[in-house]
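Residue numbers (the working numbering), protein chains in the order written: chain L, 34 to 243; chain G, 34 to 243; chain A, 34 to 243; chain P, 34 to 243; chain E, 34 to 243; chain S, 34 to 243; chain F, 34 to 243; chain U, 34 to 243.
If you are wondering where the hints come from, they were derived from the structure by calculation, not from laboratory data.
We put the beta carbon where it would ideally sit given N, CA and C, even for glycine.
Do not take every clue at face value.
[To be verified] Taking lysine-lysine and the BS3-like style, the derived pairs with C-alpha atoms no more than 30 Å apart in a straight line are:
1. Lys58(F) with Lys181(U)
2. Lys181(L) with Lys129(G)
3. Lys129(G) with Lys181(G)
4. Lys136(E) with Lys54(F)
5. Lys47(P) with Lys129(E)
6. Lys53(U) with Lys181(F)
7. Lys73(A) with Lys73(F)
8. Lys73(G) with Lys53(G)
9. Lys53(A) with Lys136(F)
10. Lys73(G) with Lys58(G)
11. Lys136(U) with Lys53(P)
[Unchecked claim] Now the stretches of chain P that chain E is said to cover, found in silico as 3 or more residues with beta-carbon under 8 Å:
12. 167 to 176
13. 224 to 231
Given next are the chains, with one letter for each unit.
Number of protein chains: 8
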Amino acid sequence: ERTGFPEIVYGLSKTSEQLKKIVEKLVSNHNKTLVTRISKEKATDVMASVPGGDYCARSQTLVYGENEPLDEGYVLIACAGTSDLPVADEAARTCKWMGCRVKTLYDVGVAGIDRLLAHRELIQGASVVIVIAGMEGALASVVGGLVKRPVIAVPTSVGYGTNLEGLTPLLAMLNSCSSGMSVVNIDNGFGGAYQATLIMKLAVDGGHPN
Amino acid sequence: ERTGFPEIVYGLSKTSEQLKKIVEKLVSNHNKTLVTRISKEKATDVMASVPGGDYCARSQTLVYGENEPLDEGYVLIACAGTSDLPVADEAARTCKWMGCRVKTLYDVGVAGIDRLLAHRELIQGASVVIVIAGMEGALASVVGGLVKRPVIAVPTSVGYGTNLEGLTPLLAMLNSCSSGMSVVNIDNGFGGAYQATLIMKLAVDGGHPN
Amino acid sequence: ERTGFPEIVYGLSKTSEQLKKIVEKLVSNHNKTLVTRISKEKATDVMASVPGGDYCARSQTLVYGENEPLDEGYVLIACAGTSDLPVADEAARTCKWMGCRVKTLYDVGVAGIDRLLAHRELIQGASVVIVIAGMEGALASVVGGLVKRPVIAVPTSVGYGTNLEGLTPLLAMLNSCSSGMSVVNIDNGFGGAYQATLIMKLAVDGGHPN
Amino acid sequence: ERTGFPEIVYGLSKTSEQLKKIVEKLVSNHNKTLVTRISKEKATDVMASVPGGDYCARSQTLVYGENEPLDEGYVLIACAGTSDLPVADEAARTCKWMGCRVKTLYDVGVAGIDRLLAHRELIQGASVVIVIAGMEGALASVVGGLVKRPVIAVPTSVGYGTNLEGLTPLLAMLNSCSSGMSVVNIDNGFGGAYQATLIMKLAVDGGHPN
Amino acid sequence: ERTGFPEIVYGLSKTSEQLKKIVEKLVSNHNKTLVTRISKEKATDVMASVPGGDYCARSQTLVYGENEPLDEGYVLIACAGTSDLPVADEAARTCKWMGCRVKTLYDVGVAGIDRLLAHRELIQGASVVIVIAGMEGALASVVGGLVKRPVIAVPTSVGYGTNLEGLTPLLAMLNSCSSGMSVVNIDNGFGGAYQATLIMKLAVDGGHPN
Amino acid sequence: ERTGFPEIVYGLSKTSEQLKKIVEKLVSNHNKTLVTRISKEKATDVMASVPGGDYCARSQTLVYGENEPLDEGYVLIACAGTSDLPVADEAARTCKWMGCRVKTLYDVGVAGIDRLLAHRELIQGASVVIVIAGMEGALASVVGGLVKRPVIAVPTSVGYGTNLEGLTPLLAMLNSCSSGMSVVNIDNGFGGAYQATLIMKLAVDGGHPN
Amino acid sequence: ERTGFPEIVYGLSKTSEQLKKIVEKLVSNHNKTLVTRISKEKATDVMASVPGGDYCARSQTLVYGENEPLDEGYVLIACAGTSDLPVADEAARTCKWMGCRVKTLYDVGVAGIDRLLAHRELIQGASVVIVIAGMEGALASVVGGLVKRPVIAVPTSVGYGTNLEGLTPLLAMLNSCSSGMSVVNIDNGFGGAYQATLIMKLAVDGGHPN
Amino acid sequence: ERTGFPEIVYGLSKTSEQLKKIVEKLVSNHNKTLVTRISKEKATDVMASVPGGDYCARSQTLVYGENEPLDEGYVLIACAGTSDLPVADEAARTCKWMGCRVKTLYDVGVAGIDRLLAHRELIQGASVVIVIAGMEGALASVVGGLVKRPVIAVPTSVGYGTNLEGLTPLLAMLNSCSSGMSVVNIDNGFGGAYQATLIMKLAVDGGHPN
Ligand SMILES: Nc1ncnc2c1ncn2[C@@H]1O[C@H](COP(=O)(O)O)[C@@H](O)[C@H]1O
Ligand SMILES: Nc1ncnc2c1ncn2[C@@H]1O[C@H](COP(=O)(O)O)[C@@H](O)[C@H]1O
Ligand SMILES: Nc1ncnc2c1ncn2[C@@H]1O[C@H](COP(=O)(O)O)[C@@H](O)[C@H]1O
Ligand SMILES: Nc1ncnc2c1ncn2[C@@H]1O[C@H](COP(=O)(O)O)[C@@H](O)[C@H]1O
Ligand SMILES: [Mg+2]
Ligand SMILES: [Mg+2]
Ligand SMILES: [Mg+2]
Ligand SMILES: [Mg+2]
Ligand SMILES: [Mg+2]
Ligand SMILES: [Mg+2]
Ligand SMILES: [Mg+2]
Ligand SMILES: [Mg+2]
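Construct all of the structure, not just a fragment, from the sequences and the given hints.
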């Protein structure tokens, strides 16, 4: 509870048995929890034992309950194409569960700059933007140049060859010529969402410390 | 002016002549500017030609004027030791020039955890924390675990051998077991400060978009 | 027998047939052996043919007999979470079989520093500490700062993206700001335990050479 | 003469003496040559001995004579800022000497997308575009998305930290989400220009082979 | 349609359902499309629903319709051996569908230089050459030295150990001692073909911009 | 004093002024200190201001006072040749200052295995061995195979090309086929000595914790 | 036939059908061939169609006929343990088929230097030595130091973590402190054997060129 | 004397004083020695003290006396251009001092294949070929394909950007599609020559072991 949010469970290396126990305890204590990186099989097991869960296969997230709404502005989640959707959805589901209003812009790539710029208002209206991009990660720089608000960049492992399983967009984003951008681990939609939400929470609290 | 702040000048690959012209123009238009990565020699040249500048050799920054104060909370800049001070000062001077209240905690390392924890209040009282660390970068994870507010981590090239000129703390910070942390380029005190300030600005604006 | 301990068998690239023969010979000559990285299938085959073995699936180790107890102090094995347990168990089983007293501290991470510090006595009471950590490996630095005794750090491949299959915590541990730490190969719980035990053996022998 | 262009000299690892001899021979046989990566000192030596040369310090190129004009369309050379100018000029001087018409667009970065798009006609009017970019190299992807003609991308070592001396923009450009782009070595303005000119030459020849 | 060619579909991360919809739309609007990286299973699904497709298993490409012929010269696709054929075929099928005349030279390696040179006329008669090579990628340099026309080099992941999944031939090609070569991503036969075709298109258009 | 040894000062990034102050304080409080990575110039400055220091240029160490002797056994410091001597001396001086008895074996390389084996008794008589090796680092494996006691391996940046500034021997040592070896950072003679001394201290204390 | 040996077939990326045809042709023309990296399934197919083959599963080689004996001295193939045997056998079978006399030394590692040195005569009696080693590859340096004759080192991908799939022993071998060693690709037992045999052939020919 | 050749001295990290002593001793005992990587300054010092030396500045080698001639065939040293000459000369001087007959082919590159092939007889007449190449290292593969005799490849750090200080040609040579090639460290002309000479020595000895 250090952050004001109940613990979030990283499902990957846990068994169904372990997950059931943890989720049971968190839900009975807090009425809510979020499990990330949980397969359909394990989610089915957990939901059979702890009712009230909502599973999303594409993002591999299982959600119980929700947190207090953060009622100012919105977090925009932008990505270029179908391959980044699992990461984008992980980010979106995490933000929503944590209380953020979320808008998404899922079909924009820098190779079609006009299609991206057609959404200028949506982009510039956001309080925080999460940009999710694989390949060369250039979307982050372009979006970063458009907004005055903080951008959190999430590189993805989408691509092949010199994408180097996401290292290339990661390094590119860290070198962005747009100021006001910071970066999280490859494919870490959860991490990008968490940071974006802490920013929104601070803003809703008017900048006062915890 | 896209971000509400006048342009910041990257001094490294510019000559005294080029810098003089740019600074002159920015100061005459906005009464303020910040030049980063500017050597003492070049700064002296610029200040001879454009009066009113304030140069700091350790951080290699030259400052003219200041931006409106962001009057809520403070940004904490934490680092472990003497070697990281140039980066820490670059961050501090950038934050201040941009209007933030800044506090610093410059002599804490994870090898002496009690000395760090003695400053728990200062740390937890911050609205945003910038953690600057070379070596293995572990300070970011420990500080990140202590606060509910966003942490911006700046890896530095301080260290030798397997520090790999800062790549090791960079990668470590991106893998932090503390949530709520995002990362900027190696030695990029400016970048960490810029992101922290955008967050403070959003908070002062109550979360409303630009 | 160069080290005073009977040969330990690396099971990974050996067939059941090869393992049976080696184990048979070692057990008949020394009444004891340790096989690491042995799958359940192969262990079942070996135990069917050489009775008296004790298999542990999580650590993939098969144990016969035991060595003389090293009756001073204890080795502490510390790790942060569920994902590092296979490596931690490999270390614990190796230390025990070699004669060490072992204590474990398996649920501490630097993101929750107070939970870790609650075990200060256990940590500082150890003669040697083995720290096992994936992600960014920061636990090693914090524990290293708490103790005056040697720390052996074992990086693990737990994590994703920039964890780089354990290279990141390895490099981080080699750059630790805590002195008195040395490092073994990624996921090498056995190697960490072996080094820790040699240290305990030397201590029990009062520092005299072999 | 295999390519229809007289030999071009790589000046870096050659002495003034060696360069004088080579240039003398090429100029007396062909009335023209191009020397790249030649310092001011060496260029002065060569020009003292072989009159008629034209030296440019920023691009470190020395030019004698010129090739037949390629009278269709133009090659556009685009880069973001002052730091990339030496590479851009190397490209421009090479293209011109080889006979191309050249236009340049030297002050556009993706962080200010509107300033870039203000030059849409210039960009889309080019027959071939050479994009020169350091940092994260995103300019190549955006320009590539705007034009139907071939883009040659030249990554530069401009940047620090995770720029990795140009490897990051190189890898990013190879992963570009824009089709119709190919890449040359880091800081290789000459190589980009050479490839662009071969393309222009083929076009002027109407697509017929040599 | 930005490039004058209808959209090409990247099949890898799309489901049969998604592919059917996209192909249906493209074929009904343009009477043609190209899908790359599409498995036999998915291609069968798509062809069952949209008749008129032509699938090639080795290159994993599915083709509908064709573009206007580019009636000057030919693109030569050269590779050394059987292992590079999937990439070579992807390139050949892309070039043909886009309208190029294509010739292939599929059994030449630099280890048998005379066998390669026996095809000198075929090689030097090409307007553009696509060289596809794994292992050490030396074929590109040798072919590049033989022709006056642009060479597009496609490194492949064929090889083991220090081939580093194609990084070695990629880096080698970028360092080629032959001028007039540019490089695309590892195994990117499509990308090489696309760039070659843009060059042919420009040539057929006589060098005029779009 | 956490480790029972007064603080050791890392001299590299500190000025003469800073070093004078620190050394003055440490010497007046503890009558002893060790400064590593200190140039001759800075050492001269410090010694002029704080008398009683002993400087060694090859190892770049400055020593004041000494710690209580650890009177059991000895630490052996082994290296292959002249190039590793600065690192070996840093280790030797650190061990001695910390109280260890030290023996050295400075002219043995695995390419002359018999010369190495001629010192078998010296090697096997050590309580702890520090092996310092550049190039391919094989000395560590051979020595590790000869002794039953802990080996601390220190890779050095001696070598060129594929030595990769010490990364190659580092990685090799971490993969050693000899058990009972752990590794510290490249060129970190200090770190190897510190760990060896902690081991000796534990042994002298009979294995009892702090 | 350029080298005096009939073509050797690399089986990995070829189908049973392709292999049958190639082997048929080579055997009918030369009465002999060698296929490397061929699975049991494919070998069975080929042998059913072309009688007279001899398949070895561990080395994945299929042999037909043999070359003229090279009747001087012998090639020694040395490796440390069971895991390197597939590569060692590939080397041994290749050498034998090419006509060399082969001796093997398969159970020696540098961690047990005396066991290795017990074979000094066998080692020093060889005309050429092929050393095959994974882990840290130190065996090559020790053997290289013992012999006056050429050593060909073959690194293997045996190991885990920092072995980096064979890159670590490769780099270590290239940095060997023993002169007279050259290196081939990771796991390339064939390549090591081929080079060793060319050396034997030259020697048998008394040093005269082809 | 293990190899039948007196010790060769690596001059780089030794002082003039150290070199004088070593050379004095070797020359007085054996009448000959070779010092590599020795600067002009140090060589002048040594020659002043030990007369009879022959220094070559380009290859940084100092030679005293000579070894018995190896009177069969010749070693060919081939490289592409002026930049590789220091390494080529180091190889040539080493081979000659060790007794080999040496021929050189210093102006051939794969970009001009016909110029290379004009020397086919010289190339195919060699008993051993040392190929020295920077950039992409393709010369080794082409030469390797032309000869039946062993090729030793020496990659050089000549090039920039993705040459990665010689790693790229090193990796490329290890992946060569020509069999019968082995590789030594980057810029290691000495090492290539040493291996070539051991091969010649074996051949002159008719393949008999030492
Ligand atoms: N997808 C994710 N990627 C990275 N960290 C995560 C992810 N999901 C949860 N976490 C973090 O992992 C912690 C829980 O880890 P665990 O105790 O292993 O379940 C939470 O506090 C989160 O901060
Ligand atoms: N120290 C720094 N590190 C990275 N980026 C910087 C730094 N200082 C300034 N910048 C950025 O560089 C831009 C100005 O670049 P330039 O036009 O080359 O002066 C500014 O908009 C800042 O975003
Ligand atoms: N050569 C060295 N390499 C690595 N760490 C060192 C070295 N010398 C001293 N240290 C460590 O650096 C710490 C002091 O750092 P500082 O406070 O910056 O002087 C000491 O506690 C030592 O543990
Ligand atoms: N295991 C192997 N590793 C590397 N190269 C090989 C191997 N086996 C055969 N070769 C080489 O591959 C060539 C044949 O390749 P291919 O024509 O694809 O069968 C032969 O000339 C050999 O030089
Ligand atoms: Mg912005
Ligand atoms: Mg936190
Ligand atoms: Mg400690
Ligand atoms: Mg385009
Ligand atoms: Mg060409
Ligand atoms: Mg041992
Ligand atoms: Mg030898
Ligand atoms: Mg050959």
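So which hints don't hold here, by number, going up?
The structure conflicts with hints 5 and 12, although it agrees with all the remaining ones.
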